[in-house]
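*Asks:* Read off the chains here:
4 protein chains.
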Amino acid sequence: MKKRALQTTVGTVHPDALAYTAGRDIELDQALVSADCAGTAAHVTMLSRMPVKPRLISGTERNKIVRELAAILRDAARGSFRIGLEDQDVHLAVERRLTAKLGELGKKVHTGRSRNDQVAVALQIFTKEQLLATMEEGLSLVQALLDLARRHRTVPMVGRTHMQPAMPSSVGLWASAFAENLLDDLELLPAAYRQSDRCALGAAAGYGVPLPIDRKLTARLLGFEEPSHNVLYASVSRGRNAMVALAMLSGIMTTLSSLAQDLLLYSLPEFGYFLLPAAYGTGSSIMPQKRNPDVLELVRARAGAVAGEWVRVMAVLKGLPSGYNRDLQETKEPLMRGFDTTRASLRILAPVIRGMKTREKALLAGFTPAVFATDAALDLVRQGVPFRDAYRRVKTSLDELTMPDPGDALARKKHWGAPAGLDFKWTRRRVDRLTRFAEKSRRQWRVALKRLFGGSFHERRH
Amino acid sequence: MKKRALQTTVGTVHPDALAYTAGRDIELDQALVSADCAGTAAHVTMLSRMPVKPRLISGTERNKIVRELAAILRDAARGSFRIGLEDQDVHLAVERRLTAKLGELGKKVHTGRSRNDQVAVALQIFTKEQLLATMEEGLSLVQALLDLARRHRTVPMVGRTHMQPAMPSSVGLWASAFAENLLDDLELLPAAYRQSDRCALGAAAGYGVPLPIDRKLTARLLGFEEPSHNVLYASVSRGRNAMVALAMLSGIMTTLSSLAQDLLLYSLPEFGYFLLPAAYGTGSSIMPQKRNPDVLELVRARAGAVAGEWVRVMAVLKGLPSGYNRDLQETKEPLMRGFDTTRASLRILAPVIRGMKTREKALLAGFTPAVFATDAALDLVRQGVPFRDAYRRVKTSLDELTMPDPGDALARKKHWGAPAGLDFKWTRRRVDRLTRFAEKSRRQWRVALKRLFGGSFHERRH
Amino acid sequence: MKKRALQTTVGTVHPDALAYTAGRDIELDQALVSADCAGTAAHVTMLSRMPVKPRLISGTERNKIVRELAAILRDAARGSFRIGLEDQDVHLAVERRLTAKLGELGKKVHTGRSRNDQVAVALQIFTKEQLLATMEEGLSLVQALLDLARRHRTVPMVGRTHMQPAMPSSVGLWASAFAENLLDDLELLPAAYRQSDRCALGAAAGYGVPLPIDRKLTARLLGFEEPSHNVLYASVSRGRNAMVALAMLSGIMTTLSSLAQDLLLYSLPEFGYFLLPAAYGTGSSIMPQKRNPDVLELVRARAGAVAGEWVRVMAVLKGLPSGYNRDLQETKEPLMRGFDTTRASLRILAPVIRGMKTREKALLAGFTPAVFATDAALDLVRQGVPFRDAYRRVKTSLDELTMPDPGDALARKKHWGAPAGLDFKWTRRRVDRLTRFAEKSRRQWRVALKRLFGGSFHERRH
Amino acid sequence: MKKRALQTTVGTVHPDALAYTAGRDIELDQALVSADCAGTAAHVTMLSRMPVKPRLISGTERNKIVRELAAILRDAARGSFRIGLEDQDVHLAVERRLTAKLGELGKKVHTGRSRNDQVAVALQIFTKEQLLATMEEGLSLVQALLDLARRHRTVPMVGRTHMQPAMPSSVGLWASAFAENLLDDLELLPAAYRQSDRCALGAAAGYGVPLPIDRKLTARLLGFEEPSHNVLYASVSRGRNAMVALAMLSGIMTTLSSLAQDLLLYSLPEFGYFLLPAAYGTGSSIMPQKRNPDVLELVRARAGAVAGEWVRVMAVLKGLPSGYNRDLQETKEPLMRGFDTTRASLRILAPVIRGMKTREKALLAGFTPAVFATDAALDLVRQGVPFRDAYRRVKTSLDELTMPDPGDALARKKHWGAPAGLDFKWTRRRVDRLTRFAEKSRRQWRVALKRLFGGSFHERRH
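Protein chains in written order, with the working numbering: chain A, 1 to 462; chain B, 1 to 462; chain C, 1 to 462; chain D, 1 to 462.
The reader is advised that the hints may include incorrect statements.
Heads up, the list lumps identical chains together, so a pair's fine if it works in one copy or across two of them.
Unchecked claim - Straight-line alpha carbon distances no greater than 27 Å define the calculated BS3-like cross-link-like pairs of lysine-lysine that follow:
#1 K216 - K53
#2 K440 - K53
#3 K357 - K395
#4 K440 - K107
Please keep in mind that the hints were generated in silico from the structure rather than gathered at the bench.
Turn these sequences into a full structure, and let the hints guide you.
*Replies:* And the structure:
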């Protein structure tokens, strides 16, 4: 069957080519409707204030457009705004709707703008919002881990190196180690946020326009810190911004995969340290006795998925010539999938951590005298024996080691950060700092939306 | 809002956990309906012949089940067989349907089988089918390239190294180089095919069953070369089979990305060697004059996507303990996406190659006397000058080089594989060998299906 | 030939196992000598002040040790401090030397410390130093690009999208786009720096020690911002710190690979925009006329190398159980290689940029009337035509476009960040901010070293 | 300090550029000396027989050159053939030596050849040799695993899914599962071997030469199956050949990482199934009681390293324009490192497997009645209960399960590939097939070398 070329907003295209180029955009772009409408609203507001004669767009015209954009937002919230294959993406779908409803007026909105900067600013808004959501959901898991740590700060647990029993430790140290790891991961996010906080609008196709557009105004209207500067760089920075975000998301997932691995290990009957909440496991189709920790296995596995998305973006960008290339489109899906997977993993782990039970008896059963060998050597050191000699002396008489009370042994390690020296206030301060950052940034966007659309619009969270 | 745990075929599960674990399976598994139905038909056929008293399943029962499986296949072809979230995947959906229609009988089909080997065999059938389709679509592109090469075997084109003009070459050499590259990529596929051609059915959950199941029979019924052997390995080999296939697909995509890069480059106005078919480009939203080669840019970019899928699978498998782990589920989507992207890219390039025009004038304009410097040095060699001296002599008098007719220069390079020494029969034989492999393998599967379902069933190609 | 087990500092090991586990450590660890000596000096200083009776190490003993460490530093600077295979790594080599020279005293230095925190702190010092060097070398390349941009801010150059001619642009816009891209990359480094600026010393094997060690003191002595907190996390954070640094280095390399690709493209005879400095190219073994831009090709290629190192570290960490695992050793080499490659690439590109020539005639020759199509459409917009209509009108009469003076066209794009609206002061401020960060951080480390070793020691830069 | 440009064999180059471009070649190329000498010997032999007047090289001259090449081989074996920075690589070093020793004659060897095909053929020879060595070392580990399996075929071990106890299994099934996994990995290698078995010599710089070179002769002289065909493809196929080989090596390493993970897990005191040979572990610097399984942790980790090398090569090749680009040099190191790491890992694991002890008591202690739940359900099935009902019945009365003798339970699973149905003869046949392939291929190369150098030369294995 011979297929006929399709007429689209940007020319006649073979339907196979259209299907190949649009890819999954039609589906993915649903997540960008509000960002695109906001960007368009800011752009036409700026056009309406541009000091040229005749005015490109009048104030009344601007209001008409913004009202229709608000209507699109409402439709999108209801699920009734659809992007068609002939639109190719959300941006042309919005423009088509405006033209359908407002006629001539709709044809003006693209003045002094290109799809490049339009996509770029929509992705910046999306990325900022997703980074904040990741931060919030990450902090919620941090909190669950810290709560667990605080409740179990004196509960002994064998500390391991090389997976083997090594030294006395505590459930508190174990849980708060993951909390701090995750905090480190999350504390990188503001750096990515700031790089997406320079508004690309006005870069056009990467070379600016011969019109006195006011990029500082549109940046302010959209709640950005400032406009981006070099228009050529602005038109392509979305690729590397995706790579930066994915590196950080991949870092989070790597941390979560280790946490999952520990939970999987320590809830095996051979350890029995932890009892996972039953509702987060699934059964077997053949083995009646099984209750499998699928959620944790998938968290572990999906760290690979997000890393794969990073590789994908890196491979797209490597050696790409300057100026916009369609290759950049291929950085959108990985970014979106990266956020989806990471956020879902953070959200699913929080109730697992909150619902898990620790079994002190099993934890104590893990201790043997050998676990206290280093403590014994250091006791000799306190008596004046050089460490290497103390080490050797203990090593040659391991059988003579006696087993102290693990709790007592823990209590002796009280320096900064040791099992008995955990400073939860210090961690609290770090959590608070990030929380404030997220709240402040959320507020800026809410204020911007209200200013643009007059408060009649309630954003839907993704 | 507090969510309630859901009752599923394999136990009570929190809806968030169900959503997280099912992932995109419900959607992806549509591609596995026919493979799962065939696997189930073979399994119950074998059960019906098992020499135990009482018979686990009678011949009549077997026929009832197989008829219902054929009905599912027809529904799936019509798009009316749906997998629900409570099913988790195609396998439980098929079992649920059988039980709904056949009552008690449906509950018997899972005898001596686990979801592990059920998934494993379905993925083997899927993988084999996809490898063949990739081979066929790849060969079609090879053919397009060879046709181009044959038609332009004497059309001069500057040969390049380091992207810089280097030596006289031909469009024929250029096009057939990509054909051979792709042939090498495709010739690896049979090795992957053979590794998926050992039927995993009967491995159960990886430890076999205490029933006299006949694995050689089910393997034969499904058109496999033989059953897999070690049941533990059989239950997990799907992960590494996906990794093997993705490595090969990634190889194909890497080749295509270079081809795309060359086409992008040589169709720039600065070169003008090639004119791409207009229907495979798209326009710009801001620049009226543009016709962009988006298809080629996306082929180039999507090589990164398939590589990312390989990384994803590798990261899932690395360090995974033996025995089935749910992590393996995360190797299914990358495999499916890898096939989708690679096959679509092969298919979209074939008409581009067939539709492109070469512009001899522009090709000739690329020649300068310097391109013939090596030929000049070798002429001196023929007169007895040692090569290094000839090289130096030409180097110090580059300005004196004259420009011969490029066609004449080409005609002098006639050794095996050189511009004037291309042996299209040799390439033809390689194409034929692969074609025969694909045809023979297709036939085996068709015969198997016919035997299982009695010819009433027509497979839908994916 | 049967090999005999070797006696090492930490036990009897089969020589094959020793070779396999030591890997390239012996060679790599040369870069860590000064960091390890500083760490050891800080540790023994702290031990000498520990308020226990009897003192673990007296002030005099402390001075002896520190003097010997300073001697090791001098030997290392001269290249005469060697690490042997039986040492396994720098840490045991230093301890062995101390014991060889100071007898009993040497055996005391490892009191209250493990190789884990010893390696961790050495790598933190190394990482901080390398991040600063990367920043400095990156800023130097930024400066070269900005100088080029400033000198060519009004030199016209065809702006491209999809590699195709698109709109009027300038060499200034092109060069400063890469400068800003690189600045964004570099501005992430302080975030990585800060995460390595929490001193891990005192974490011991990840579980602290039952001694009143003063972690705040050692952190201060080594010029760190503060000690790390949770000792378990501190003992393993080196892995994720390497992953964070490599993500950033990979970002830099990706940027450089695009810059290299542009330079390769634009210096082809078909463009001739740029003339690369001859001393940075190499010749061909067979073609007398060739001068190949190998340096740029290798920059382009090595972006892949650094990305590969990131994947390597990610794959090591994914799913790793908590507590120190030897796997972490495999994150050291990628980190070191990542810094090596990135820094060498930054350093080699700076003189290429400074030495390249731009050829205005060739740049102008690239312009055609079509490049001004968007400008023509916007001129119609200024006359009141809606943009979509103007776009269509220009599109249907592309042949009638006339060619304005490219310089004039450029001068009309003067909004923020456009070719005629570049604000070099804004960029300058960003450069200055990073420079100050690097200088301040350098100073802290110099001051720390001076305090520890009494100024008799001059650090060698890597 | 201002550096001066260096005079090299191929032109004047800035020393920084030379250092940057040569990279680690000088070191790496030591592994290619014999391959390059053989390639050169075959090339000059062919030149000496070329039917042109005057002869390019006489028979006597050919013998002189070959004798000197044999001398280089002997020097290399002794470690006294060094490659200098001014040589850039082994190829120019060999040519320089020939010229130094043979004067005018040395200048002739490069006639009708480029460094491109010279490197290409050397890497093909290297790759083939390494693939065979990998195969042999892999088969040796397979053998160790099969020996373990055969000795423990009836030793019960809990079979696991989701890491949790699942069904009765055996040490024999566990060990032979890894043997078969590895066999599958190894059986891919011949496909890679065959793709490197088409001799690239004569491709010159990718465009052939205007001389009647006899590529079939050189291919035969070097023991290749046939010459490669298209010279353009031949000049660049080394990149994708490296990618193919690395994918396979990465597959092997992924398998080994799972084996290592299992060994690490099952030798923990909580399991105690296996006792690892002491000489393959190392001690701790702080904990006197520790014996750490570092070798296994590093095998696990290094799977990441080889995967990283694959990513590196993929990223180099993706989007690379056709014709030789210097980027290809960056595929040599990853290939060499990939072989090094994989082969060392195969070699270190074989003695670990041979030296490990299994502890039956601990293995039996892992069994609980629940492990037999599926067997109980299938017993009900044998009595006529549909499987799903039997499953449910057992599930609701798990507490009533009794524990049969694990050995008896195992003995009941005797179908093909089940614990009591392992067919070691089938596996043996697969091992034999690969062994024959390796032996035959080794022989071809030995015969070729003998023919070229007259038997006076003994190859050193890498």
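*Asks:* Hint by hint, say whether it matches the structure.
*Replies:* Hint check:
1. K216 - K53: within (21 Å within a copy, 67 Å between copies)
2. K440 - K53: neither (39 Å within a copy, 52 Å between copies)
3. K357 - K395: between (36 Å within a copy, 24 Å between copies)
4. K440 - K107: neither (37 Å within a copy, 54 Å between copies)
Comparing the model with each numbered hint stated earlier shows that hints 2 and 4 do not hold.
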